[in-house]
Amino acid sequence: MQEPAVAPASPESQSTTHMVYALMQFALAVRQRKHVVIAALLLAGLLGGLYFATATRLYSAKAQLLVMQTGADVMNPTLDNSKQTMMPTYVGVISTAKVLQGALARLRPEECIDLEESPKERWPDALRRGLSAKSAYNTNIIEIEYRSRDPNVAVAVVNSVVDSYLNYMDTTHKGTALAILQILTNEKLQLEQQINTTNQELQQAYREVGHLASSPDDRLTHPVVQRAIAINESLIDATKKRIELQALMAAVEESIARGEDLQQHIMTVADVAGRDLFLSSLGFNTTSGQTQMYLERAMLEDQAELERLRKDRLSNHPAILALEQKVRLTEQYLLSYQDRLRDRIAELRATELGPMIVNMLRQKISEAQQREAMYYQQYDDLSREASQLNSRLAQIKLLEAAEKRYRDMYERFINKVSDIQVKQEGPDIRTDVVSKPEVNNVPISPNLKRVLLMVLVGGLGAGLMAVYVLDTLDDRFRSIEEMEQQLGAPVLAMVRPLKAVDQSGLDALQIHVQPDSAESEAFRTMRTALSLTEHPSMRLVVTSSEPGDGKTTVLANLAVAYAQSGKRTLLIDADLRRPGLTALLACRGAEGLSTIIGGEEEVAGAALRCIRASGVDGLDVLPSGPRPSNPAELLGTPAFAHLLAWAESVYDQILIDSPPTLAASDTAIVGRLVDGVVLVVQPEKNRRRLVTRAAASLSALKIMLLGVVINRVGADGDNGYYGGYAYDYDYSGENHTVDETPKYRLVGAEDEELEGDPSNAGQKPSDSVAVRRRAV
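In the numbering used here, the protein residues as written are 36 to 811.
Hints in this document: simulated from the structure, not taken from any laboratory.
C-beta atoms are modelled at their ideal positions from N, C-alpha and C, and glycine is treated no differently.
Where hints are given, some of them may not hold.
Claimed, not checked - Pairs of lysine-lysine, DSBU-like flavour, derived with a Cα cap of 30 Å:
{"hint": "1", "residue 1": "Lys432", "residue 2": "Lys97"}
{"hint": "2", "residue 1": "Lys169", "residue 2": "Lys133"}
{"hint": "3", "residue 1": "Lys97", "residue 2": "Lys484"}
{"hint": "4", "residue 1": "Lys169", "residue 2": "Lys484"}
Said to hold, decoys possible - Across the chosen pairs, the derived CB separations fall in these ranges:
{"hint": "5", "residue 1": "Asn267", "residue 2": "Arg345", "range": "50 to 60 Å"}
{"hint": "6", "residue 1": "Tyr503", "residue 2": "Thr563", "range": "36 to 46 Å"}
{"hint": "7", "residue 1": "Phe87", "residue 2": "Glu145", "range": "23 to 33 Å"}
{"hint": "8", "residue 1": "Leu505", "residue 2": "Phe87", "range": "21 to 31 Å"}
{"hint": "9", "residue 1": "Arg164", "residue 2": "Gln235", "range": "34 to 44 Å"}
{"hint": "10", "residue 1": "Leu488", "residue 2": "Ala436", "range": "50 to 60 Å"}
{"hint": "11", "residue 1": "His570", "residue 2": "Glu279", "range": "30 to 40 Å"}
{"hint": "12", "residue 1": "Ala171", "residue 2": "Phe87", "range": "28 to 38 Å"}
{"hint": "13", "residue 1": "Ser566", "residue 2": "Pro673", "range": "28 to 38 Å"}
{"hint": "14", "residue 1": "Val469", "residue 2": "Lys439", "range": "27 to 37 Å"}
{"hint": "15", "residue 1": "Lys737", "residue 2": "His677", "range": "37 to 47 Å"}
{"hint": "16", "residue 1": "Val469", "residue 2": "Arg184", "range": "47 to 57 Å"}
{"hint": "17", "residue 1": "Arg184", "residue 2": "Gln521", "range": "57 to 67 Å"}
Turn these sequences into a full structure, and let the hints steer you where they fit.
In structure tokens:
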């Protein structure tokens with residue numbers, strides 16, 4: 036059955052919907068496992084408190100330095116763009132070995148308490164670990180910070196580092212500009228020499244190749260390469276022509292060997308060898324073909340003129356009659372020419388036509404081979420020449436790229452040299468202290484707010500991650516919406532756990548024993564949902580993904596619900612492997628479905644004999660019958676389809692019980708013959724992968740999945756994901772009390788055969804069946 040067309044949603048809408056849906060499902064999972072999140076927060080809080088109580092208190096001291104340019108514009112002491120790029124270098128100098136050693140030399144012994152745990156030769160590294168320096172973005176300010184166990188020591192270390200840094204910058208920066216200028220000048224001279232050498236090599240290569248382009252950016256192709264490309268295309272065409280001729284000759288020789296008619300090859304040979312040459316070989320002169328073509332073209336023109344005259348004049352006009360006579364005579368001549376050509380071919384067919392065609396093809400193949408060899412030789416010569424040319428052109432490209440790179444580098448060096456102004460009277464860069472360190476008795480580590488934030492973020496993140504992992508490992512459907520989305524079918528009803536009973540037959544059916552209970556209302560809800568679907572639901576198959584899901588119990592109660600609504604209902608047990616419905620309704624040992632479709636008797640007569648009354652008005656049962664050795668083959672016979680067609684003419688509703696979808700192929704066989712399939716799912720038992728695979732197998736076979744029935748849903752709102760969707764309703768107007776003690780088990784499971792009363796084996800069909808027999 037073809038599914039209804041649905042307008043495809045936009046990718047953005049689908050992505051947004053999927054994201055919102057995933058967030059809602061994750062929020063639902065967090066609510067179900069909130070104890071995991073709370074435990075993670077408590078554990079993170081415990082670890083955070085332990086850290087805060089035992090961590091060493093550290094104190095910080097900070098100083099700020101201003102790096103400015105001195106020169107003509109003393110009123111604007113800022114760094115220009117070229118010196119702004121040097122700020123990371125100035126910051127990195129603070130942590131160098133020379134600056135740190137100078138700072139250590141300025142410290143007193145009592146100010147080295149943070150370094151006592153390390154050997155003296157490792158003190159610069161220990162000092163570097165507690166020291167940090169950074170520059171604010173787009174500013175000339177460097178901030179120096181040191182952390183120590185003593186606030187006074189932190190201030191002393193920062194002052195020592197600042198003094199050492201200022202001294203280092205003052206003693207080293209005076210000769211820096213002159214040294215840089217000397218280095219740049221030497222590199223500039225080397226670049227000039229490299230540019231001259233590369234230019235000479237490039238000019239020599241131009242002269243050897245014969246440069247065609249006016250500039251290096253031109254994209255002209257060398258004439259040798261152009262000729263090689265043209266010869267290669269001609270060689271490909273010649274090779275194709277030779278292969279076609281050889282294939283045609285092989286087909287003609289095979290036809291001659293088999294004694295077949297060569298008429299099928301005549302036109303092909305004529306096109307290949309030339310129509311005039313072929314006609315000459317048959318005994319016709321070369322003008323005959325030209326005359327035929329001329330007459331055909333003239334006849335087409337006369338026919339067009341005739342059509343035009345017929346629209347403007349009467350059909351008996353002399354001009355029209357003359358033109359018709361001319362067209363007729365031309366057509367007769369062309370037909371006689373074709374007859375003469377066929378007669379000539381028929382005369383030569385037996386003895387001369389075959390050898391003549393073979394000789395013509397051999398001549399054409401020889402010509403094609405010669406042409407191919409000529410093209411190949413020319414292409415080979417040009418390829419060698421082009422190969423040498425291409426290697427030299429590639430060298431030219433490399434030389435051009437090298438020359439351009441050298442010139443770019445040369446321009447950059449010129450710009451740098453022109454920007455440097457050596458000042459003999461003092462340094463170009465000046466560093467001043469703008470903020471001195473102060474004693475701060477409040478520790479910066481551990482910080483209570485930061486620890487609380489880390490506890491909150493870490494605990495919440497770990498809890499959410501644990502929920503996600505647990506929810507991913509829990510291969511169950513998390514909600515009704517997720518089940519509907521992944522299976523592509525609506526949820527028709529949710530059935531509560533049914534109490535265990537020891538009876539069989541109608542006394543084992545909840546809707547018959549307690550029709551006013553909340554459990555029975557679920558089956559009426561399912562009946563109503565099926566009647567409101569867009570697809571026909573007269574012939575239904577109820578199945579499950581695995582054994583033991585309660586599909587037989589759901590099907591039997593649904594059949595009673597249909598019968599109570601006034602519909603003539605037939606309940607068929609098509610589970611010929613493990614007939615749970617037959618055992619549930621105490622019909623074991625009776626003839627049934629296997630007897631009808633496996634026997635020689637007429638389907639209608641055998642069905643009337645095997646159908647049994649259930650005890651409910653309007654509900655009849657067809658047991659499974661004796662267990663066959665080949666259930667799938669029996670269900671695939673035409674007899675089963677005839678049985679359904681007969682039942683459709685007698686009953687208003689047909690319900691079929693079939694084996695689990697993943698356990699046997701019977702559901703796929705039966706599902707192709709009915710209106711649709713209803714899938715029974717136990718969320719606490721069935722794995723999501725198996726249920727999805729069952730639905731996918733039905734969809735792959737074009738079997739309509741009308742809906743899903745969720746079985747054994749708890750009434751407690753906190754029991755699983757689906758408990759919040761269950762309802763409690765009593766027709767008496769009072770609240771329905773549910774025993775919360777977990778004493779429920781599945782009734783009618785296929786892996787638990789129920790023993791029926793042997794006395795029921797001889798029960799006769801109901802009066803309604805007898806009436807329908809008489810009607811048939």
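* When the hints from earlier in the document are held up against this structure, which numbers fail? -> 1, 9, 11, 14, 15, 16
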